[in-house]
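Q: Start from chain P and add chain C according to the hints.
Those protein sequence lines, which keep their order, are chains P and C.
This note's numbering applies: residue 1 is where the first sequence begins, and numbers increase by one.
This note's numbering applies: residue 1001 is where the second sequence begins, and numbers increase by one.
Please keep in mind that the hints were generated in silico from the structure rather than gathered at the bench.
Hints should not be assumed to be uniformly reliable.
[What the hints assert, rightly or not] Examples of chain C residues lying across from chain P (beta carbon under 7 Å, computed): (1) 1034; (2) 1035; (3) 1052; (4) 1295.
Just so you know, these numbers come straight off a predicted model, no measurement behind them.
Ideal Cβ positions, reconstructed from N, Cα and C, are used throughout, including at glycine.
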Amino acid sequence: MDFESHAGEIRVIAEAAPNYHRRRQRLSQAFAVVCASATFLCVLILVGLLVSVVWNGIHVIDWQFLIGFPSRDPEKAGIWFALIGSLWLIGLTTLLSVPIGVGAAIYLEEYAAESWWRRLVQLNISNLAGVPSIVYGILGLGLFVRALALERSVISGALTLTLVVLPVVILAAQEALRAVPNTIRHASYALGASRWQTVWYQVLPAALPGIMTGVILAVARALGEAAPLVAVGTAAMVTFAPSSLSDEFTALPLLIFEWASRPQAAFHELAAGAILVLLLVLVVLNMGAVYVRYRYGKRIRW
Amino acid sequence: MTDDSFKDSVPSLSRGNAVRHWIERGIHAVLWTCAGVSILTTVGIVLVLVFEAAQFFREVSVVEFLTGTRWTPLLSPQHFGILPLVCGTLLVTAGAALVAIPLGLATAIYLSEYASPRVREIVKPVLEVLAGIPSVVYGYLAVTLVSPVIRDVFESKSIFNAASASIVVGIMILPMIVSLSEDVLRSVPKSLREAAYALGSTKLDVTIGVVVPAALSGIMASFLLAISRAIGETMAVTLAAGATPRLTLNPLESVQTMTAYIVQVSQGDVEAGSISYHTIFAVGLALFVWTMLLNILAQWILSRMREKYE
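Pulled out of the complex, with its shape left as it was, chain P reads as follows (with noise of 0.2 Å):
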């Protein structure tokens, strides 16, 4: 190589190179401090939410707001339907969902082999987990509500919530299914196990714990879903709380909506009261799948 024609050159850069190192370091540090900031701004912002949700809200909460009938007089009103609305709804979501959407994961990773056919569900239940909360009301005000006649009762909004929460359910379930070691299949086939009872005996208990908080967020997200109860015609303000699965019925996320969208100050503070009871329960829930997961989580060691 010819460094002499370069030598002038050469010596120009290394002159210049602790300068640009130096240079170039500082940058690298300042685009660290600009992440870290962005980090620390989405920490602040969770921070900024709950402080002042708490602060509007705390002093509405008291025995009269938990058992109170909904009224027109703020002074008076209370969540006591909407909460029980709110249970029936969960708990009648929970039934039908975590059966169906164990069994179609137990399918699909236990039994279908590689095909068309399961990569279609797959690819499905994907796009299903995008699909807007609110069309999934539509379809439940087409099928349920109208050609179904269930009206806008408990299973009505059951039903709705169902569809929405599946692929949740689902692909948790998956996720926990897949994480079994296949050597604990293996060994109950060589056993004289059949297909069932390796499922049952030996993958389902292993993955149990990974399944429970797939459950939990599911029913998370139903207790806080009120966009499909809206679509389905379900209202925000009943007279009594549901008794059966006809009853009409209404949920704490349509209280809030109705609460927050009247432009009185006295009704913001009850919306912010009824979403921290909202929020208490989430925390009680999110708890419960913390709990299972370290406590039968460590159960089974491989």
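A: Same frame as chain P, now just chain C:
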């Protein structure tokens, strides 16, 4: 032990096997049906939307629906041009992307490239909590927290504005962008980073010059999924952006999104079978097609990306 006693047990064993066999077949069929429910759901969505929207399109031409610039199905004279709703949806979504993409990508880069395991252990649950907060709660926050600030800062008179909807929807989709982008950033092989360091790169050069380009398609997929989520977002947008279908790009004005329109009709007493009732299925169909296309595109990009690094 004689041979007879052994023979005796054979028939019962085989009968047991036959029963066992049929039980297994039955269970297989039940599980297959469970999986079929998901296919039925999609078929149901498509059938209901197409069937009811077809009744709408019997009275309104598709061209008028897709190109009309006025949307007044609940007033007379009725106009059925979806463009104002599309415009409102795009305005809110673009604003949300503007909030969430820079913040989300920077956070993802920090978590994947810089953060210590301890920081990651704290931040990831925080993001999970953000993702778990119901949409209606974000709506409440838009109305009571964000909107007043925007009104004060920009001296706007409208209680409802697209900007406050954009900000809260941006916060809603933020966790999605962070967790998906972080996953793809971390899936970039370590050898690529080490090669770049060996050539004298700073951490910035490695991150921006090597890791992000290598993960770019996956990052784009995470943006697409988040945008699709923002398009379908309902309660927060309804509460914050208002109910005024309007062709505007001014984020300080009240607009109506496609989802908010569906809520508005669902809340009112619209007679089943009327044309106003059918509009929600036509709008729902448009919404479904849009989000579906974005989701499929994103899934396709992600699966190609997975093939590349596995």
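Q: What are the numbers of the hints that this structure violates, sorted from low to high?
A: No hint contradicted; all consistent.
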